[in-house]
Structure formats: structure tokens, C-alpha cells
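Q: Letter by letter, the chains look like this.
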Amino acid sequence: MKLEERKSARTGDSYFAGKHPSGLPIYLFPKPGSHSTYAIFGTRYGSVDTTFRRSDESAPCTVPPGIAHFLEHKLFESEDGDAFARYARTGASANAYTSFDSTCYLFSCTENVRESLEILLDFVQSPYFTEQTVQKEQGIIGQEIRMYDDDPQWRVLFNMLGAMYHNHPVKTDIAGTVESIAQITPEYLYRCYHTFYNLNNMALCVAGNIDPQMVVELADRMLKPSEPVTVERIFAPEPDSVLQSRVEQKLPVAAPLFQFGFKETAAGRVPSRKLAQTEVLLEVLASDASPLMRRLLDEGLVNEFSFDTEYFEGPGYACVIFSGESADPDRVAAEIKKEIARLRAEGISQAAFERAKKAVYGRNIVSLNSAENIANTMISLHFAGNELFGYLEEVAALTRGDVEARLREQMDPERSVLSVVSPIS
Amino acid sequence: MGEEVEVQKICEGVTFRSIRDDRFKNMRLAVSFLTPMRKETAAANALLPPIMSRTSREYPDYTKMAEHLSELYGAGLSADVQKLGDMQVLSLRATGLADRYALEGEAVSLEYSKLLCSVIFDPLRDGEGKFPEDSFLQEQRQAVEMLDSERNDKRTYARQRCEEILCEGEPYGVNRAGSREDVLRLSREELVPAWESLLRSAQIEILALGCCDPQPVARLFREAFEKIPREPAEPFPTVRREARAEPKRVEEKMDVAQSKLVLGFRTGDVPEEEESAFRLMSVVLGGTPHSKLFLNVREKLSLCYYCSARFQLQKGILLVESGVETKNAGRAEQEILRQLDEVRAGHVTEEELAAAKLSLCNSLRTVEDYLGGMESWYLSQVFRGRILTPEEAAAAVSAVTCEQVAQAARKMKLDTVYCLAGKGEEA
Chain H
10 MKLEERKSAR TGDSYFAGKH PSGLPIYLFP KPGSHSTYAI FGTRYGSVDT
60 TFRRSDESAP CTVPPGIAHF LEHKLFESED GDAFARYART GASANAYTSF
110 DSTCYLFSCT ENVRESLEIL LDFVQSPYFT EQTVQKEQGI IGQEIRMYDD
160 DPQWRVLFNM LGAMYHNHPV KTDIAGTVES IAQITPEYLY RCYHTFYNLN
210 NMALCVAGNI DPQMVVELAD RMLKPSEPVT VERIFAPEPD SVLQSRVEQK
260 LPVAAPLFQF GFKETAAGRV PSRKLAQTEV LLEVLASDAS PLMRRLLDEG
310 LVNEFSFDTE YFEGPGYACV IFSGESADPD RVAAEIKKEI ARLRAEGISQ
360 AAFERAKKAV YGRNIVSLNS AENIANTMIS LHFAGNELFG YLEEVAALTR
410 GDVEARLREQ MDPERSVLSV VSPIS
Chain A
11 MGEEVEVQKI CEGVTFRSIR DDRFKNMRLA VSFLTPMRKE TAAANALLPP
61 IMSRTSREYP DYTKMAEHLS ELYGAGLSAD VQKLGDMQVL SLRATGLADR
111 YALEGEAVSL EYSKLLCSVI FDPLRDGEGK FPEDSFLQEQ RQAVEMLDSE
161 RNDKRTYARQ RCEEILCEGE PYGVNRAGSR EDVLRLSREE LVPAWESLLR
211 SAQIEILALG CCDPQPVARL FREAFEKIPR EPAEPFPTVR REARAEPKRV
261 EEKMDVAQSK LVLGFRTGDV PEEEESAFRL MSVVLGGTPH SKLFLNVREK
311 LSLCYYCSAR FQLQKGILLV ESGVETKNAG RAEQEILRQL DEVRAGHVTE
361 EELAAAKLSL CNSLRTVEDY LGGMESWYLS QVFRGRILTP EEAAAAVSAV
411 TCEQVAQAAR KMKLDTVYCL AGKGEEA
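Chains as they are written, first to last, in our numbering: chain H, 10 to 434; chain A, 11 to 437.
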């Protein structure tokens, strides 16, 4: 396969990218001097992908929620034992996760890189499900879902998404529900596996102590060519409005937790430039150096260890989220709205913009220290149609006008949801 | 590669260690104060680093300080408190981008070190010489909220409760940040004397890591300590008690779906030459997804959702934590103890031993790819007679035999069984 070298003059780093003849996009980021290697092999298939159309079929297909996560659990197991047992012989530390928009399998190791990579490429390409193993997994995942019912951080997020979205499947728990996973059969699993685990729909990213040639040779040997089939995500139309502007649940917590989100109209994925604008905008609005943070702290409304902001976006959904613990989440939400209105009216000062940009820029450079971070970022950028060094350049090129324009299109107070988890007594 | 640790003695009880490594795009400078863990001083000590890192004389206002850090490419001044053995460890830390990445080529890195020195040696005070009242009240509130917040994570909460009961009456039984009541009872008057006492008599470990020239940084500290009348640190050996003859059992109820069971073991004294065997034993027992606890208690018997072992070398305790259905807690405990007996009897296959070694060596060798990992590693090493690099520790682990693992397991005695039980069901 042909590898193209991509360089960043700004950081002095470079990586290799290419499409393997099997259909798989591959990204390789050697880090000289690194002890460890981190590899991640994933598919653009997450919990929101419950309705889809394959390019070789005419009709869309709808499946029960929770299959992406169920597949993740099942792929770890094969006819000849589970993947953990195989990694035990290489010393790699392995894991897997399912998110809203992707499912990824990963490991980190300092020895036996080739053997570990071989295991990774092998088990993800070897589905094995029977009635019996599916039944056993339904029990295990059912328990996992109940465990999350106790988790205040998880509840406060899903309560917010449930109040924000009318139809979009992002509102459903990543693992599905006890009822939806009860409907899962080996046929559904094979159907989804063969649709989404097509190598054209996947990516492999490896960073750290690697020899790119070794990875390519292994890919040549291990990857089973995929049909050139693509898959289209289908979502029911989502109204611009939110369902409910406030939602509250009582749980045994010591202090109330909140998530305060602003819904946006989202079609596909948000391009790099806009992501960079939002990152700087949130830095201006709510970093430690912001007037908002100062006011929230002075009033005793938030604490530094829990208050946070996030741009939560994926296929068909996008929202800015403020989160944390507070004795009075409603006042926090009111202060945030007030500050957004003030910034819209008065504009962002050049000094505040410059500071925020420098902080965001520094943070993004430092994130290139870690092989883990690099590989994780490369795969999520790939699935979103973006690129690693391109993002850094977008940050460096930002102007104050860009960020002010972004402020005018984001964080509409009419489309906000406040979710609160409060103590029982 | 070739990360060389360079050691300099700054003055009595103050050591400066540096590892220059230009692979990193930033630097990390950490100053840690090691002082005996005592209930009377824990809360005041723990509040000092966050108060001091809020402001400085040059940036006497929280927002001004934050603005300055943003201008330095998002540099960080951070503070934390932890326990290592029976010592309370208070750390203040500066992190920031290496000079070569500054957009206009400005020299930023020495600035982080100067900033850190200014908050440590010349912190902002009010007209009466006290730390400012707004900083005090702010950090006191946040410290209480942090303690409350730890209760939200039931797994952490159950682990802390087990440690408290296991080490009742010992320094290790005190919360690293003091109790909620002690934090609320603090007065601003106590803080400056507490700070001066730490500067005079705590054991101080300075670590300069990553992309920076350590020499000018060491010079800054040398000059600053010239003005401090240092006293020899008091000896404060960690208490390593024998386990109770009969394990103490405590069950507490909470309205949760899943119960948390934590078994607390004493390892007794662990001589330096046996450290690797204990580390490895903990991994064989419950450190990986192919450990005895994970494979048997979780996978084979489906008695819990997680089951793992955590070894506190500096204190000589080991905790086995698991999340169980309340009705299964008794069976899970029996099975955990049965698996420990297997290790004690030397029933560990060659594959199990080899897998545990590979896994532990993998985590040790990964330490040097992270500045944070290096900081924790070298800080934990200061209790040893001779500092080991992660690579040396990995080599020592590789040489451990099955019999040495069994011997380590045989030294472990069950002391405390703690269960945070879901309501409405009996354990």
C-alpha cells in the first residue's frame, strides 16, 4: 500500500496515512524514543446507528438499540477463548469501548508489538455468536445497564439528552435498554457486523514505538478484503426545539450535579474550523480566566474540580454542555445565560480572545506528547472527516471575528435544557 | 531515550531531581512537601497548596493569575494532596509548553518556575500577614465540596471507608485532606504558621521533568532556600501493625442497586528485596483481566461486576474491591479468600505468572512516556534506600519466582471486611 507522509512544520511531527487495498484507512504516527505503542482499530458504528441503508440495498433497515455495544462485548470472545486471554501472552493492556458514533478496540504495549497487533486485527475480524453465547451476554449487559442506573454522572447526562431530543437515538443509553437487548439475536448481530465492520467503514491508528513497514506487512497478511460497500446513517427528522427545558431526578448524592446544554441544528459532522472556533469560544466564556468563572466562584456556585464545558457533537446531534456540581444549578444556568447575552451585546475583547487562543493552542500541542492521545484523536477525527494537524492550523489561524460569528450561531437560550440530579433528602 | 535522573541536594532535607527529556512538548515542575499525617494538622496542611496557587504578589487576584497562565499558552499551576504511607504529601506544580513552540518565539519556560517559586516562597498575604480571606473561604468551601463529592462515587467511598476502619487510630486512617468537620473548623490564623512550619521542617522533593534546562531552575530553589532556616525532618516511621486476630466486619446501608465489598489485608513489613514479589502477587491475584479474581470470581462464577486487588506498598496493606449483588456478598468473599489460598499454596501456573510479569512490566515501562507518571513514580521512590528507575523495577519483577509470590501471599492477613450494602436486602 502507498503511505503518504503528513508533516506539521509547526510541531516538527509527522505521520503516515494511506488506504490499504483491503479498504481499510491506516494512520501511523511513529514517536522516536517512545517506550510504548498504542493501537486502536475501530468502526464508524455507534449506539446512534439503529437505522441505516447499505449502498448495495435499496431499503433502509432498523434494528433494536444496543447492538453496537453488544457486538463489542461479543467480539472480545471467539471460538478459541477471549481476547484478554490472548493478550495475556504479550503483556498488552487492552480495552474496548462503544460511544455514540463509534466502536473501538485498543491496546497499549511496550513489548511484542507485532503479536499484539496481530491479535487485534484477528479478533475484530472474527465474529462468533451462537444462541447460547448471546443469551449469556444479555444477562451480563442487563446487569451493566442497572449499574449505570446508580451512576449520577451517567443519569444527569442521559436525562438531559432525553429532554433535549424528540427523536434522535443519542437520547438512548449506549448499551440500550433491558427490553431492547432482549430482542437481540445472532442474526441481528451478524447483519450489523457485516454492514458496519466492512473495512471501508473502519480505521486503524497506531502511534508510538512502531516501524510503519512492519504494520503494513502485517496488514497485508491479516486484512480480509471488504466489498466496496458503504453505509448511510438515517435519522428521523429532529425538530429544532427541545422537549423540556428542565429535568430533575433524585439519587443518593451528597451534592446536586447538573448538565446545562444548548441544542443546535446538526446535519452531518461539524468541520474543523467550527470546532476550533467553539473550543476558543468556550475558553473565552468559561475558563478560569473568564468573568463568568470569577462570578460563579465568588458566589460559591461552582467548584474548580467539577465545573467543565464540552462541545458534544456527532452524526445528527450537537450541543454545548456546561456541567458540574452546584448547590444551586438554576442560578448557575441563569448566570451562564446572562454572560452569553452580555458577550453577544458587547463583543469579545481582543485581549480575551488572544489569551484564549494561546491557551487552546498550547493545550493542543501538549496533547501530542502521548501516543494514546494521538491515536485516539486520529481515529475520532477520521470518523468525523477531519485531520490531526489541520485542526492545529485552524486554531493558529483563528481571528476574533470568527469566534464572535460563532457565538452568534451557538448557545440559543430558547433551546437550552438544564438537567439536575439532586440529593434524596 | 536514556532518561537520566540527575540529583542535587539543595539544602538539609531538600532534594532536587531532574530528568531532561526533549521528547516532551512541555515541562513539569513539582514541589512536594512530605510531613507526618496527623489528624490535628491534616486539614490545615491540605488547604495550603490550593490557597497559595490561587494568587501571587505579582498577580494578586485569581482572575489576573488565570489570565497570566492563559497567556503562557495555557500553563498550569496546580495543587494536590495525597497519602504515601503515613506521610501526608502536599504538592504544588507548574506545567507549561516548551519554548520552541511559542508562537512568537518568546521564552516562556523559566517563567513557570519563577511563578511557582513566587507562590511558594513569597505568597500573597493581607495587611496582617495572613493569607487573604477570600482565598481562604473559597478554598475551604471547595475542600468541603470535594469531600462530599467523593461520596458520590460509591466505589471510592467504599474503599476509603475500608481504609479508615482498617487503619483506625493510625495516621493512615486520617483522610488525606482531613475530615469535613476539621476543614470547617479551620481558622485563617492557623495557616501561615502551618506553612512556615512546612517550609522549615517538611521533607521536600523537587522534580523537574520534560523539556527544560534544569540548572536555572535548581538555582532558583537554591537561592530561595538560603533564606529558610531549615530544621532536620523528624523521623516518622510508618505504622505497620499486625492484622486483628478476628477480622472486623462493618456493613453500612445505602440506597444503591449494587453493593460494594472491600476486603482489607495487612502485608506486614515488606523489605525492599521483597517489594517486587508483593507487587507481582497483587497482579497475579487481581491486577489484570486474566488474574485469578477476575477470571474466577467475575467470569467463571459471575459473582461480581468488578473484582480487583490494590497494593499500597508504602503502607503495607492490600485491598480487594468488588461490586456485587447484595445477596452474593458472602459467596464473593469466600471465593476471594479461596483464590488467595490458591496463590498462597503456590497454585499459580507458569502462564499466569508470565502474564502477570508481562503486564506489570508493561505498566512500569510505560511510566516514562508520561510526565505525570514519572512524577508519581519518583515521588513513591523517596522512601527507598536506593531509587529505582521503572526499568530497574521491571527487571526485578521479571526475576521473581512462583515460590516468592506464594510467600508474599502467605504474609497477607485479612483484617477488615467492609460492605456498602444496597438497602432492602441482607448481605
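Errors might be hidden in some of the hints.
What the hints assert, rightly or not - For lysine-lysine, the following DSSO-like pairs were computed, each having C-alpha atoms within a straight-line distance of at most 30 Å:
no., chain 1, residue 1, chain 2, residue 2
1, H, Lys-259, A, Lys-310
2, A, Lys-310, H, Lys-145
3, A, Lys-310, H, Lys-283
4, H, Lys-180, A, Lys-35
5, A, Lys-337, H, Lys-283
6, A, Lys-310, H, Lys-346
7, A, Lys-263, H, Lys-259
8, A, Lys-337, A, Lys-433
9, A, Lys-337, A, Lys-164
10, A, Lys-263, H, Lys-347
11, A, Lys-35, H, Lys-16
12, A, Lys-140, A, Lys-74
13, H, Lys-145, A, Lys-35
14, A, Lys-74, H, Lys-145
15, H, Lys-259, A, Lys-35
16, H, Lys-259, A, Lys-140
Unchecked claim - Calculated from the model, a selection of chain H residues having no Cβ within reach of chain A, i.e. all distances over 10 Å:
no., residue
17, Asn-121
18, Arg-242
19, Glu-273
20, Ala-393
Just so you know, these hints were derived from the structure itself, not from any lab.
The C-beta atom is built at its ideal place from N, Cα and C for all residues, glycine as well.
Q: Hints the structure violates: just list their numbers, smallest first.
A: Those not satisfied are hints 1, 3, 4, 5, 6, 10, 13, 14, 15, 16 and 17.
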